[in-house]
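Colleague: Chains as they are written, first to last, in the numbering used here: chain A, 1 to 355; chain B, 1 to 571.
In case anyone wonders, no lab produced these hints; they're calculated from the structure. Check before you lean on any hint, since a few could be wrong.
Listed below are the simulated DSS-like cross-link pairs for lysine-lysine, each with C-alpha atoms no more than 30 Å apart in a straight line [what the hints assert, rightly or not]:
| id | chain 1 | residue 1 | chain 2 | residue 2 |
| --- | --- | --- | --- | --- |
| 1 | A | 7 | B | 7 |
| 2 | A | 354 | A | 7 |
| 3 | A | 128 | B | 565 |
| 4 | A | 54 | B | 7 |
| 5 | A | 54 | A | 278 |
| 6 | A | 211 | A | 269 |
| 7 | A | 278 | A | 241 |
| 8 | B | 565 | B | 429 |
| 9 | A | 256 | A | 336 |
| 10 | A | 105 | B | 565 |
| 11 | A | 241 | A | 107 |
| 12 | A | 256 | A | 128 |
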Amino acid sequence: MPLLSLKNVSRSFGSTRAVADVSLDVAQGEFFGLLGPSGCGKTTTLRMIAGLEKPDSGSIEFQNADITNLPPERRGFGMVFQNYALFPHLNVFENVAFGLRARHKTKAEVAERVASALELVQLPGYDKRAMDELSGGQQQRVAIARAIAIEPALLLFDEPLSNLDVSLREETRSELRELVTRLGLTAVYVTHDQEEAFALCDRISVMVGGKLMQSGRPRELYEEPSEISVASFLGRNNLIKAMRVSSSKTTDGEFKTLEGGHTLHLTVKHEELAPLNKPVFIAIRPEHVQLNTNGAENSLRGHIREIVFGGATSTVRVDANGLLLEALVLRTDGLKVDQECTVVLSPDHLTLLKN
Amino acid sequence: MKADQLKEQIRNYPWASVALFLVTATVLIYGVIYPNLSVVITSLQRAGTWTLANYRELLSERTVIEAIVSSLGLSVGTVLLCAIVGVPLAFLFERFTFPGRRLFAALSALPLVLPPLVGTLAFIFLCGESGILAHGIQNLLALQSPPWRLQGWPALLLFHTYTMYPFFYVLTGAGLRRIDASLAEAARSLGASKLIVLRRVLLPQLTPSLLAAALLTFMTSMASFSAPLFFGGDVRVLTLEIFRARQRSDDVIAVTQTVILAILSLPALIFFQRYEGTRRFAAAAMKGAPRKRVTIASGKARALATTVAVLFAIVLVLPVVTLFVVSFAQEGSWTTQTLPSAYTVANYQRLFSDPYAAEVFFNSVTMSAIAAVAALLWSFCIITLLRRRRATQKFVGEGWRRLLSLLVLIPWALPGTVVAVSIAEAYGKPGSLLGSFVLVGTFWILPVIYFLRFMPLVVRALQASMEQLDPTLEEAAGSLGARAWQRFTRVTLPLVWPGAVAGTLLAFVIALGEYVASVLVFVPANRPISIAIASELRDFNLGAAAAYGVVLIVIISISMVVAGKLERLRS
């Protein structure tokens, strides 16, 4: 039984459809991610969960109770805002105590819970500091302390790490995950950064253009994207347009690429994924494109167009008779521009995408 | 289930918004819509029937046409002169730095905070035919008669330029500061000369600022009353004609002229509201660095700039210094001398011991305070309605919002004369919206008029504070469990009060020196300071009049310093 569930939720702003018919479930204790490019509706979805926006249609249920029309102050969810939204006129203690005072807790309880929240985010002794005396990372911790001090039934994060610099971001990320797990909280985390989502979340839903495209564990999404938009948003991907030529009755798929006219073989898991006489997209990650190895299947002839040095790995662009492919290699030794080469697209790594 | 849903709907209905809407609507109907409608209706009626006769008769009179033409001419002339003075000064002081720059910059807005009546008074003492300058030149050159008379068009234009040039100076300066420095640099790198940069890049971006300054100057000049009254000579302006008609008890004529004056002043407001939108856009679009001031390197140019700065600084403070000097003059000690010959503190002593003086101070302070505090409370009502909030959005749509903000601005855009006459007309006899209560003739008429005239300032100040308030703060408070009232008292209020109180103080000090509207409707029970100043001046008690003026300036200065501190507290 899910803790939180959104059912066919939609929200428009004027003529733009920000969130279109989104349904999702979050289980108790789950760290759930909403991932998508900016403007995809993920923040609006989060704000509807928080009660800061009202859906035009659809419903939101929490612990089996309909909370669609419940104002935010009666939901008891903690939220960490992108800009932290710390109260500039209050010090650290008062910021963290805000939600407790709104609940009319006793003085002793407020003091105790604020102290333990600050302890948890490793800011003990910062009680009296003003907001402008804190660094970005410290402000971020205060925002988290403030959200967990109310012992939220659900913790919501709206790109909380995007204002931190890179090194601090990675450090805070692992601390955050550890904290949420330790407290046994359920979290919904919005981000446009796939690496962040992969590192933090148990399960992720990818949103593009207001729609929920695919949900799953980070690894599943990365390795088996089902949609073109997911495949192209999550990391780099070679998208190959091809047509099925083999019989649709077998799981053995034979495809002809529209560019280059190569023949590719791969296993078709569901029949409807590759109807005959209709172009489909096949994806393969650059790191799975092999150069100059002796693979038996799906080996194409081509020549190297460009080699781009990128530090630990380099990108090699290959032109296989008009079909452009990117390969990620660790070493570029022995590779030269204009050189002839073979490209092997292993059937295990080819993914059929839904059109 | 059904009953539960109903309960939930009742609980979620924006009741607070409904209450706020009712309060706001009541104030606007009683204070803005009804009074303005009554003057229009009275002007269109004669002996109970609808007719245009009042207008036909008025407009066939040469004096009325003359007043309309003079008012418009004076205002257009004022706009041009203020632009000629204010814009170059803004360029000089915003773009360059040199010794003396800060001195002028600190004093530049002084005329804006001087009450018009006090400014008029100071001008008479300084530039009048028996003022310090005229006497000085007469004595120096041993002339038989004063070298000039401070009267008519030149006097009015000079005074208007002195008091209203800051609109151009301040707004042009702000506009220049907003312009992205890299735009001018980009134009230069594309081969444009300095002149082309000015004409094709800077001026087009300044247009909104210049337009706003022109409109403000025009509106203020149309409303000008004290200067035409005291040294307008035989220049007829509408505000003065209305005043005279009311003194003759020609109420219908006064009302009809009031409508004409309102019609001539209001288009400026519409333009002004349009401009507001573009200004926001310009401010939002700016992301680049503001341009740094250039140090003037050439010695001669620097000396010239410094001279201009010092000269203008002297011009700015001279009227105030004059007022100060005259306030210490012994009665009768200033006849043909350049400066008064004997000094005394008797004027101030009288001010603090005379029960009459104490009474007018008490009246002005009480009435201004009532008006300002009411304006503050009311501002919170209307701003809460005008903000785009989930709860209010359902109840007060976009069209309503626009109408409300226009109605709020109307009393500010209308000349004080119009506001006073319309309130007097609407609530001058029983049977109005107030039932059998007659507002005219009571103490309350002035607080009401002060409130209407100056509440737009407070609304504006609060609106500016609210716009700076990060909306996620209130959302954060909500998500932490704070209910609407807690969000307001614990987050919104602590963050916006400095701006709101600064605006309230501004409204308070302007009301303190109010003359235009007061002179039309005051009664013995609420005689304000300005009326006392004017009557001392009529009785040639120059020292006493000046002493009133100085005390007023001191109160205003203290309030402005406090307001400035609060503004800084906000940011």
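Colleague: Are any of the numbered hints broken by this structure? If so, which, sorted upward?
Modeller: Failing hints, ascending: 5, 8, 10, 11 and 12.
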